[in-house]
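A.B. asks: Letter by letter, the chains look like this.
Number of protein chains: 2
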Amino acid sequence: MNALYYEGQRSFQIKETEKSALGKGEVRLKMAYVGVCGTDVHIYHGNMDTRIKIPQVIGHEVSGVVEELGEDVTGWKIGDRVTVRPLYPGVESPIDNGFKHIGQNLKFIGIDTPGGMQEYWNVPSFTLHHLPDNLSLKLGAMIEPLAVACHDVRLGEVKSGEYAVVIGGGPIGLLIALVARQKGANVLISEVNKSRLAFIKSLGFECVNPIEADLVKSVADFTKGAMADVVFEVSGVQAGVSVMTDLPRVRGRIVMVAIHAEQKSVDLFRFFWREIKLIGARVYEPEDFEEAIELAASGNLPLEEMITQVSLLADAEEVFKTIDSNPAGMKYLLEI
Amino acid sequence: MNALYYEGQRSFQIKETEKSALGKGEVRLKMAYVGVCGTDVHIYHGNMDTRIKIPQVIGHEVSGVVEELGEDVTGWKIGDRVTVRPLYPGVESPIDNGFKHIGQNLKFIGIDTPGGMQEYWNVPSFTLHHLPDNLSLKLGAMIEPLAVACHDVRLGEVKSGEYAVVIGGGPIGLLIALVARQKGANVLISEVNKSRLAFIKSLGFECVNPIEADLVKSVADFTKGAMADVVFEVSGVQAGVSVMTDLPRVRGRIVMVAIHAEQKSVDLFRFFWREIKLIGARVYEPEDFEEAIELAASGNLPLEEMITQVSLLADAEEVFKTIDSNPAGMKYLLEI
Chain G
1 MNALYYEGQR SFQIKETEKS ALGKGEVRLK MAYVGVCGTD VHIYHGNMDT RIKIPQVIGH
61 EVSGVVEELG EDVTGWKIGD RVTVRPLYPG VESPIDNGFK HIGQNLKFIG IDTPGGMQEY
121 WNVPSFTLHH LPDNLSLKLG AMIEPLAVAC HDVRLGEVKS GEYAVVIGGG PIGLLIALVA
181 RQKGANVLIS EVNKSRLAFI KSLGFECVNP IEADLVKSVA DFTKGAMADV VFEVSGVQAG
241 VSVMTDLPRV RGRIVMVAIH AEQKSVDLFR FFWREIKLIG ARVYEPEDFE EAIELAASGN
301 LPLEEMITQV SLLADAEEVF KTIDSNPAGM KYLLEI
Chain Z
1 MNALYYEGQR SFQIKETEKS ALGKGEVRLK MAYVGVCGTD VHIYHGNMDT RIKIPQVIGH
61 EVSGVVEELG EDVTGWKIGD RVTVRPLYPG VESPIDNGFK HIGQNLKFIG IDTPGGMQEY
121 WNVPSFTLHH LPDNLSLKLG AMIEPLAVAC HDVRLGEVKS GEYAVVIGGG PIGLLIALVA
181 RQKGANVLIS EVNKSRLAFI KSLGFECVNP IEADLVKSVA DFTKGAMADV VFEVSGVQAG
241 VSVMTDLPRV RGRIVMVAIH AEQKSVDLFR FFWREIKLIG ARVYEPEDFE EAIELAASGN
301 LPLEEMITQV SLLADAEEVF KTIDSNPAGM KYLLEI
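Just so you know, the protein sequences line up as chains G and Z, in that order. Following my numbering, the residues of the first sequence are numbered contiguously, the last one being 336. Following my numbering, the residues of the second sequence are numbered contiguously, the last one being 336.
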C-alpha cells in the first residue's frame, strides 16, 4: 500500500509499505479523504520536528471505510463509513479534572502517532464516528474541523438572537461563524485577506476588513450599540487580541480559539470593568463530533464551497506549497 | 456639622458646613464609621483628580443611622441602622446587558458624587441595606468590601471542597479567602509582605511568599497534584498575572479582581490548552450585600481582627499617611 511520509525540511515522500498489524481494539480503515489542517502545515514548516518522529505519516481530518476489525472490536462492521476523532487519552492526571479530551497525557493521533495520509490506517475503534448515508466521504473529511467549531460555539454558550463576532476568517473562523449562525446568532466576521472576505461575503456574512474600517465602530453599528455577546479570537495575532476586549458588552464572552505561542499584551482592565469572560476552548468532545456530523448531513452548511481543491496523495507536497503561496485558500483535501 | 474635604495634593481639611437639603427619595444618615478603601488612597494620591470635584467629601465604606426621611421614602424609619451600597445607576445603555451595577452611566457614590466622611450624609433610599441588631456599626463599615468579596466568590462559582488560590493578601484578597473558606473551599494565599503573611497565617490560612518559594510547586503540593479549581488575581502586578495562568487545572477559573491600569503580558496559550476561564468581577449586586451582612452577622469571620486602627475624622490626613507608610496594615476606619 502507499503511504505519505513527512521527511522533514518541507518534504514528503510516497512509499510503498506493508499494512501494519491490526492490534486489539483497533479497526483498519480504507482511507477516502484527508484534509490538510493548519497543524499539518506547521509540521510541514518543520515547527513541530521535536514532536514528530521523522519519517512519519501525518493527517487527522479524515474519512474512510471500515476494512477489517481487530480483536475485541464491537459495534462496527466491515463497510461502515466513518470519520475519526483523533484523540487517544492517556493515563488520567488529577490536573485533567475528568476532561479526557485535553488530559495531560493525551496523544493526538496523526501528530503524536501515525496519521491518515495513507491507503490503510489502523485506529482504536473508540475514535470512530459513523457517517450517515446522506453525507459524502468528501464532506466526511470536514467533520473534524467542523467539530472544533461546534466545541468553540458550545463553550461560548452562543444563543439564538445573540451578536457574535469572529476575529479571523480562515477555515476554523468561518466554520465557527457557520455553526453560530445555525444557532440563530447574528454573525460578523473580521478578516484582512480580500479574497477570503469576498468569499465570506458570498456566504451572506457581514464582513469587516479591520485594516480599512474601525472594527469597534462596525460592531457598534452591527449590534445597534449593544456590542457583542460573544467574540471568537481566531486570528492568533496581537492586533486581534488588542481589539477583542473592545468588542463585548457587559458580561460578554471571548472564546480563545487561536494558538498564541507567544504571550500577548492584554487589556485586563476591560475584563474587570465590563465583567467579561475569556473562555479557552481546545479540540472537541464526542458530542461535538455528533453535532458536526448532524450539521454536515443536514446540508445547511456550505461545506462543499469551502473546499478549495481536492488533490491526489501523490501531489501532497505540491498541495502544501500551494497552501503557503495562497493565503486566500480555505480547505485542501487529499483523495487517497 | 463637620465634613472632611479632599483638597487635592494629599491634603484633607475638616470644614464646618450646613446639612444639605434632603431630596426626594433620599434619606439623611447620621454617620457612624467610614472605612478607607484603596480607591480613597488613590484619590489621596491625586490619581483621580480628573474624576473628583475638588474640594470633595469622599468615602463609601460606611455605617450609619437613619436621621431623617425625604419625600416618597418608604420602607425605612428613623433610627434604622444601615450600610450603603454606593451605586447610582444612570440611564441604561444597550451595552449594559441589563446589569445595572456596572452600567455605562453608573455613578459611584463617594467618588462621582459626595461621600460619607461627614457627620450627616444624604443618600438615595434604594442604596440602603439594614444592619441586624447583632452586627455592630463598626463592622457595618466592613460590609462594602465584604460584599466585593462575596461578588468575586459568587462569580468564581466557588464550591465546597474546591481548591482556591488568592494572589495578593491585602484586605480584599483576605476577605475573598474568608468568603471562599466559608463556602467550604480549601484556600491558599500568596502574599509578599511578611507582616501580612504572619497575620493571614494566624487566621489559619495556608500561605506562600512567592518571593521565597515556588508558588506553582506550592499549589501542586497543596492540591495533591490537582492544581487550583479557582484563582483570584488581586495583586494587580505583572508577577501575579504571569503566575495566575500556571495555577489552574483543566477548566479551572481565574477571577480578575485587581484593577490593571496598564496592559499586561498574558499567557493566552494556557487558556486554550487547559480550557481555563478568566472571569472579570467588579463591585457587587444587591444579593452580595445581603450575603455580606449575613456572613458578618454570623460572627464566623474574623472581621474585628482585620481592623488595624480606628481614628477620628479629624485625624484622617494622618491616617492616609499611615496607610502609605505601613503596607502591612489591613483595614483603617474613621469614627465620625
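Do not take every clue at face value.
Copies of the same chain look alike in the list, so a pair counts if it fits in one copy or across any two.
[Said to hold, decoys possible] Simulated pairs of lysine-lysine, DSS-like, Cα-Cα distance not exceeding 25 Å:
| hint | residue 1 | residue 2 |
| --- | --- | --- |
| 1 | Lys30 | Lys159 |
| 2 | Lys224 | Lys107 |
| 3 | Lys183 | Lys159 |
| 4 | Lys224 | Lys100 |
| 5 | Lys201 | Lys24 |
| 6 | Lys217 | Lys100 |
| 7 | Lys19 | Lys194 |
I should point out that these hints are in silico values taken from the structure, not numbers from a laboratory.
A.B. asks: Now tell me if each hint is right for this structure.
C.D. replies: Results for each hint:
Neither within a single protomer nor between protomers do Lys30 and Lys159 lie at most 25 Å apart by alpha-carbon distance, with minima of 39 Å and 48 Å respectively. Taking the shortest Cα distances, Lys224 and Lys107 sit within 25 Å of each other only across copies (24 Å), while inside one copy they are farther apart (45 Å). In this assembly of identical chains, the alpha carbons of Lys183 and Lys159 lie at most 25 Å apart only when taken from the same copy (6 Å versus 31 Å across copies). When the C-alpha separation of Lys224 and Lys100 is checked against a cutoff of 25 Å, the pair qualifies only between copies, where the shortest distance is 19 Å, while the shortest distance within a copy is 41 Å.
Taking the closest pair of Cα atoms, Lys201 and Lys24 never come within 25 Å of each other, the shortest separation being 49 Å inside a single copy and 55 Å across copies. Taking the shortest Cα distances, Lys217 and Lys100 sit within 25 Å of each other only across copies (24 Å), while inside one copy they are farther apart (41 Å). Taking identical chains as interchangeable, the C-alpha atoms of Lys19 and Lys194 are never at most 25 Å apart, the minima being 45 Å within one chain and 65 Å between chains.
Hint compliance for this structure: hints 1, 5, 7 are not met, and every other hint is.
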